[in-house]
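Number of protein chains: 2
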Amino acid sequence: MTYSDLSEQIFRKQSYLCIGLDTDIRKLPPHLLTESDPVFAFNKAIIDATANVAVAYKPNIAFYEAQGPRGWESLQRTLDYIPNECFTIADAKRGDIGNTSDLYARTFFDPNAAGLDFDSITVAPYMGQDSVMPFLKYDGKWVILLALTSNPGSADFQLLKTHGGPGTEHASQPIYEKVIRTAQSWVGPDSHERLMFVVGASQAHELTAIRQLAPKNFLLVPGVGAQGGSLAEVSRYGLTTGGGLLVNASRSILYASTGRDFASRAQSETKALQTEMAVCLAEHVGEITR
Amino acid sequence: MTYSDLSEQIFRKQSYLCIGLDTDIRKLPPHLLTESDPVFAFNKAIIDATANVAVAYKPNIAFYEAQGPRGWESLQRTLDYIPNECFTIADAKRGDIGNTSDLYARTFFDPNAAGLDFDSITVAPYMGQDSVMPFLKYDGKWVILLALTSNPGSADFQLLKTHGGPGTEHASQPIYEKVIRTAQSWVGPDSHERLMFVVGASQAHELTAIRQLAPKNFLLVPGVGAQGGSLAEVSRYGLTTGGGLLVNASRSILYASTGRDFASRAQSETKALQTEMAVCLAEHVGEITR
Chain A
153 MTYSDLSEQI FRKQSYLCIG LDTDIRKLPP HLLTESDPVF AFNKAIIDAT
203 ANVAVAYKPN IAFYEAQGPR GWESLQRTLD YIPNECFTIA DAKRGDIGNT
253 SDLYARTFFD PNAAGLDFDS ITVAPYMGQD SVMPFLKYDG KWVILLALTS
303 NPGSADFQLL KTHGGPGTEH ASQPIYEKVI RTAQSWVGPD SHERLMFVVG
353 ASQAHELTAI RQLAPKNFLL VPGVGAQGGS LAEVSRYGLT TGGGLLVNAS
403 RSILYASTGR DFASRAQSET KALQTEMAVC LAEHVGEITR
Chain B
153 MTYSDLSEQI FRKQSYLCIG LDTDIRKLPP HLLTESDPVF AFNKAIIDAT
203 ANVAVAYKPN IAFYEAQGPR GWESLQRTLD YIPNECFTIA DAKRGDIGNT
253 SDLYARTFFD PNAAGLDFDS ITVAPYMGQD SVMPFLKYDG KWVILLALTS
303 NPGSADFQLL KTHGGPGTEH ASQPIYEKVI RTAQSWVGPD SHERLMFVVG
353 ASQAHELTAI RQLAPKNFLL VPGVGAQGGS LAEVSRYGLT TGGGLLVNAS
403 RSILYASTGR DFASRAQSET KALQTEMAVC LAEHVGEITR
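These protein sequence lines map, in sequence, to chains A and B. Residues 153 to 442 in this note's numbering are what the first sequence spells out, letter by letter. Residues 153 to 442 in this note's numbering are what the second sequence spells out, letter by letter.
It cannot be assumed that every hint is accurate.
Note: identical chains are not told apart, hence a pair may lie in one copy or across any two.
Stated by the list, open to error - Result set (EDC-like, lysine to aspartate or glutamate): computed pairs, CA atoms no more than 20 Å apart in a straight line:
hint	residue 1	residue 2
1	K179	D262
2	K179	D254
3	K179	E358
4	K179	E435
5	K368	E385
6	K423	D413
7	K165	E237
8	K423	E435
9	K196	E225
Derived by calculation from the structure, the hints in this document are not laboratory data. Model, not experiment: these values are computed from the prediction.
Here chain A stands alone, though its shape is the one from the complex (with noise of 0.2 Å):
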């Protein structure tokens, strides 16, 4: 999916959500476990129910890992259940050797491999450039680099102030910018047309920073709902005439009711987001130029 289509579909939805499919077998309601692929039964229920308004799907790899080999199915089956104009994402954060990314690019990149279309996936920064490229030599995905995430455990590393050395432009600055900044090196001038940061809603007065560093890319925002973060201070700091925002939200609309009732308590979850972010485009980017 290309940069414009992705900003298309946020307008014409007027809405930036992206709905994370961490869909726990042990928190699914109990008259779906009768069925053949639960975790499946529970994601297209969820899909239909507010695929209206959600311009983007993130299953976290994780919860499917965690089924063995009939949880890569329910995953496969889910992503070729999303409908094509949303944007999805394998939250994997994976990241290794140059010529071991290539295997995880194949795996969620080619449906030849395992059976997989994503059209983009997390990375892990730590291993360097090596580690990113090889997701990026597949024409139209992206990559969305780990910068600033919103658990307690973002402050160990992430945090840390760097030496740029004597002289340098940058002469002090946190982990997080310096793998923006070396990131958009390493794809160029338009590096908002692959990649994409993640950027914790709990650090929301840090988001300002990260725009002047990068104006144009996408953020993906988690931690807006059950993690605590303000969508109106997110909203605030963060939109762009071209979007520039995924919101994510995951266990408060998954899990809005644990009945029979779950997929349209997480429609009426989604639609009050939607609500609350066709507000903050009027307000931020009808400001800007639209």
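Dock chain B against chain A, hints included.
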């Protein structure tokens, strides 16, 4: 597996060789492709030929994931076939927020989840403490944390110098040193009983410094063999009285021949490495205390 079990195995076999089961279906000897599970048939032959001198096996999960659900079945069969006395490493380089790392830990450590029961997993440090600790909840299981990897991209972030702040003991240290110190502090004074570090063999000159930081922790050293590191150098700086090293070789063993003699050629390569290791053990560990 405990530290002392692993150490005992090393001195009994006179070997600290780990074999990387990076089994690429595109590189298998053609006569195996008619088997019902060619990847497992290959791994089984390699294990049969090498288990008397290898102390550890390390399947890189990317190679199995790229085959979809049947790849996970090959991985299960392979893991079940590895003799119990050998240490097993899921080379997965996972890491996510706490509740998701929990699921990755279940995947690789809880046989009732995905059918896998590895002794250890490689973990990426970028997301910090809560992304690493869930793997240590399982008794007897190990975390092998990426510190200084052997690929070109290791220079992008791992070697950046961080500020320690004025008056701090370690005022300026590369990120990978900070990762080692910080992770040790999470685990406690006996961190060497649960925590290893990945240190690339192409960085042999940094091993002395790393040994000072981590005098007892095992180091998993990839990059000897096809990637060109020197076994003698690594052994000189890395061996300890408990062994302290797992040196990995993959391609140089697996693909020593692409014909029907692949297993016997793998055996010869393995035996040659073990012979060199026995000499290193006598020279370096013999000298120290034994």
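These are the hints, each one checked on the structure:
{"no.": "1", "hint": "K179 to D262", "in the structure": "between (31 Å within a copy, 19 Å between copies)"}
{"no.": "2", "hint": "K179 to D254", "in the structure": "between (34 Å within a copy, 15 Å between copies)"}
{"no.": "3", "hint": "K179 to E358", "in the structure": "neither (34 Å within a copy, 47 Å between copies)"}
{"no.": "4", "hint": "K179 to E435", "in the structure": "neither (37 Å within a copy, 57 Å between copies)"}
{"no.": "5", "hint": "K368 to E385", "in the structure": "within (18 Å within a copy, 47 Å between copies)"}
{"no.": "6", "hint": "K423 to D413", "in the structure": "within (15 Å within a copy, 63 Å between copies)"}
{"no.": "7", "hint": "K165 to E237", "in the structure": "within (11 Å within a copy, 58 Å between copies)"}
{"no.": "8", "hint": "K423 to E435", "in the structure": "within (18 Å within a copy, 70 Å between copies)"}
{"no.": "9", "hint": "K196 to E225", "in the structure": "within (14 Å within a copy, 26 Å between copies)"}
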